[in-house]
Amino acid sequence: MPPALGLRPGEFVRTAAFSDDDGKCPMLTRRSWLVGSLCGSIAMPLVRYRGAFASDALDTPPNVVAPRSLDSQVAEEIRRDIRDRIGEGELSGCVLLVGDSRGPLMHEAFGFAALEPRPVPATLDTLFDLASLTKPLATAMSIMLLVEQRAIELASPAARHLADFGQAGKETVTIEQLLTHVSGLTADNALSDYLEGPEVAWDRIDALPLLDPPGARFRYSDVGFLVLGRIVEQVSGVRLDRFAAERFYEPLGMIDTGFVPDAERRRRAITTEQRDGNWIRGDVHDPRAHALGGVAGHAGLFATARDLARMAEALLGGGLREGVRVLAPETVALMTADRTVPGEQIRSLGWDKRSGFSSNRGESFTDRAFGHGGFTGTSFWVDPGCDRYVIFLGNRLHPDGRGNVNRLAGRIGTAVGRSATAKPN
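Quick note: the sequence shown, position 8, residue 9 per our numbering, numbers continuous.
Because the hints were derived from the structure by calculation, they are not lab data.
Computed from a prediction, not measured in an experiment: that's the story for all the values here.
Heads up, some of the hints might be wrong.
Unchecked claim - Derived Cβ-Cβ restraints for the label pairs, each shown as a range:
1. D401 to G198: 25 to 33 Å
2. D339 to L211: 39 to 47 Å
3. R276 to I347: 41 to 49 Å
4. R419 to A164: 44 to 52 Å
5. G167 to E247: 27 to 35 Å
6. R268 to E89: 22 to 30 Å
A virtual CB, placed ideally from N, CA and C, is assigned to each residue, including glycine.
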């Protein structure tokens, strides 16, 4: 059983941000007209959930000042930016959580978890489809734990653990090359490969040829992480979702993190786009992960910002949070160390550092920062150099799939990093 949540007094200090102090509301696009209720004189009431996983922290008055909080000017700058972007229709809503190794400094919800088929305000316990955050937070961490346990080696060929993967010239592709996206694999295989079910899909993945020699080119690959997730299962004998839950999420008290949410959590999930004429809510958006049953190495993980803060604090602590160790400090250091890949881009083992995918990274973060983004509008960055983390869970796909949040997330990270390194007056 997972440990009790055990919130510290003042850990989460605001329930939502639905009003604008200056009373002004930006012009709204037609598709985001409902968002007008988050600014001006109309204040949306917070929708609170009373399920088994609700926390008393949700009743904290929205304007209570916490003993520890983000600089007020920086926080207000961030709030304005988020509200403006929601007003412009770049996202329907989001939850932001900023913190350090001692806990959260700012935790607020903005806008809506859904506009269609009816408006649902975002709350602190809104569940997000993390998309590619699955790669580091489930698959890569599981791989690194197996490395720590000496069950696998980074330099070993993936085919040592998945014999069928060694077809079509892939016999020398290593686990490290898969983690850093230099395996030579395609970014994504055809969706038609999944139409006949998971078994046929895996046969077709195994038969894929390389597009480049291993190590020759950086190409971000969902396929590579599908393979890594399967390696976790083959080596551990446990399905990826259970392995990650038992080794990481449950020990850290991440009670809302996992694959294939149950009915209660689905009701708290964001709505993304439509599939077969129905709005997707609590079901993975990624079509390949969906075709594989919702559990895959590249996508499928769901979580709340509150849960992810626990993981961020564990990573800042070298794998340790409040007496619970999930990785050795040497493993965390190995996992997050710089690795320069072709094109002079910097990655680490499952994490982004500075690459063409880093627009959601704060420009004022130190060189020690590592993180990742997700297609649905999520990002997770941790900077041990300035003892900060920024968890931005946005819903950019709802209702029409045309939102864009990476630059917003990057500006938030820049503001947080700048405030962390600013010298006191």
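A quick look at each hint next to the structure:
For the pair D401 and G198, the supplied restraint of 25 to 33 Å holds, since their beta-carbon distance comes to about 31 Å. Look at D339 against L211: about 25 Å separates their beta carbons, and that is not inside 39 to 47 Å. With their beta carbons about 36 Å apart, R276 and I347 fall outside the hinted range of 41 to 49 Å. Restraint check, R419 to A164: a C-beta distance of roughly 51 Å satisfies the suggested window 44 to 52 Å.
Checked against the hint of 27 to 35 Å, the pair G167 and E247 passes, with Cβ atoms roughly 29 Å apart. Our hint of 22 to 30 Å for R268 and E89 holds, since their Cβ atoms are close to 29 Å apart.
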